[in-house]
Every structure is written in C-alpha cells, then in structure tokens.
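Participant: Sequence:
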Amino acid sequence: MRYIFNSYQQITESDFQEITKDIEKIFIEGSEYAMTLAEMFRREGMEKGMEKGMEKGIEKGETMALTKTAIKLLTKRFGIISDDLKKKLQELDVATLEIIVEDILDMKTIDEINKYLKK
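Taking my numbering, the leading residue of the sequence shown gets 4, the next gets one more, and so forth.
If you're looking for bench data, these hints aren't it; they were derived computationally from the structure.
Among the clues, some could well be false.
Unchecked claim - 20 Å max Cα-Cα, derived EDC-like pairs, lysine to aspartate or glutamate:
#1 91 / 115
#2 71 / 105
#3 59 / 47
#4 79 / 115
#5 118 / 87
#6 121 / 106
#7 118 / 86
#8 121 / 86
#9 63 / 101
#10 55 / 65
#11 79 / 114
#12 121 / 101
#13 75 / 54
#14 75 / 105
#15 75 / 86
#16 90 / 115
#17 71 / 47
#18 51 / 16
#19 71 / 94
#20 71 / 115
#21 71 / 87
#22 75 / 87
#23 111 / 96
#24 51 / 62
#25 89 / 50
#26 121 / 96
#27 71 / 109
#28 75 / 96
#29 55 / 96
#30 89 / 105
#31 121 / 87
#32 89 / 54
#33 28 / 16
#34 90 / 62
Everything numeric in this text was worked out from a predicted model, so none of it was measured.
Kindly produce the complete structure, drawing on both the sequences and the hints.
Facilitator: Put into structure tokens, the structure is as follows:
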C-alpha cells in the first residue's frame, strides 16, 4: 500500500477511497493501515501549507519593515512625502526596497526615487 500511495503522485480522494474499499475486501486490517496513511498524508499537507504560510508571512513582514524604513528615511531626508509615493513604495518587492534604503543617502532630490517605482 505504501508503494502504491508513494508512487502514484496524482492520487485523488476518490482514488484513495476506491483503493481502500478494494483492500478492505481482501484484507480487513488494510483499511486501518490506509487510514493511517491518510492521516500521514493529511499531516504532510498541513505541514507544507504551514511552511508556505510562514514564508509568505515572513516576506510580508520584511516588506512592511523595509517600506516603513524607506518612508522614514525619505521623510527625514526630503521632508513630508506624498501619500501617493507611500502607496507606491508599499507595492514594491523586498529586493527593490533594500536597494532604495541603501541609496537614499546618495539621492539629491526626491524625484530620483521614481527610477525604482512601478509605472
């Protein structure tokens, strides 16, 4: 059973139910083993989902922190910045925000920020 479930990557829930029924006809204890496998697959799926969710959460947190830092540094360097510019900064990815934060002290005018923004 383990071989079947591990080698058949595209197994659906209905496939699983059908295989389990066939095994129950031949080997009664097999249904208990199939349910153990089902729980294992469910747990693996939840773990993968949690990992992806955590990765997205970490990236979002990093993006928010870099956006706040960029806004603070731009405000300190050039004075009050527009809400439109703040919104555009919030739309940027981590890599772009990191570059902006590094380059702020070298900027002569606020208009230089435009080369980093999405059009």
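Participant: If a hint holds in the structure, say so; if it does not, say that too.
Facilitator: Status of each hint after checking the structure:
1. 91 / 115: Roughly 14 Å between the alpha carbons, so the hint for residue 91 and residue 115 holds.
2. 71 / 105: 14 Å, holds
3. 59 / 47: 18 Å, holds
4. 79 / 115: At roughly 15 Å apart (the allowed maximum being 20 Å), residue 115 and residue 79 satisfy the hint.
5. 118 / 87: 15 Å, holds
6. 121 / 106: 17 Å, holds
7. 118 / 86: 18 Å, holds
8. 121 / 86: 15 Å, holds
9. 63 / 101: 14 Å, holds
10. 55 / 65: Judged against 20 Å, a Cα distance of about 15 Å means the pair holds.
11. 79 / 114: 15 Å, holds
12. 121 / 101: 15 Å, holds
13. 75 / 54: Outside the cut-off at roughly 32 Å; violated.
14. 75 / 105: Since the Cα atoms of residue 75 and residue 105 sit roughly 13 Å apart, the hinted pair holds (cutoff 20 Å).
15. 75 / 86: Answer holds: residue 75 to residue 86 is near 13 Å, not above 20 Å.
16. 90 / 115: Holds - the C-alpha atoms of residue 115 and residue 90 are around 17 Å apart, at most 20 Å.
17. 71 / 47: 36 Å, violated
18. 51 / 16: Judged against 20 Å, a Cα distance of about 18 Å means the pair holds.
19. 71 / 94: 12 Å, holds
20. 71 / 115: Measuring from Cα to Cα gives roughly 18 Å; hence the hint holds.
21. 71 / 87: Status holds; Cα separation ~14 Å.
22. 75 / 87: Holds, at roughly 15 Å.
23. 111 / 96: 23 Å, violated
24. 51 / 62: This hinted pair holds, its Cα atoms lying about 17 Å apart.
25. 89 / 50: 36 Å, violated
26. 121 / 96: Since the Cα atoms of residue 121 and residue 96 sit roughly 10 Å apart, the hinted pair holds (cutoff 20 Å).
27. 71 / 109: 19 Å, holds
28. 75 / 96: Distance ~17 Å between residue 75 and residue 96 Cα, so the pair holds.
29. 55 / 96: 18 Å, holds
30. 89 / 105: With a Cα-Cα distance of about 17 Å, the restraint between residue 89 and residue 105 holds, given a limit of 20 Å.
31. 121 / 87: Distance of about 12 Å is within 20 Å: holds.
32. 89 / 54: 30 Å, violated
33. 28 / 16: Roughly 19 Å between the alpha carbons, so the hint for residue 28 and residue 16 holds.
34. 90 / 62: This hinted pair holds, its Cα atoms lying about 18 Å apart.
In summary, the structure is inconsistent with hints 13, 17, 23, 25 and 32 from the numbered list given earlier, while agreeing with the others.
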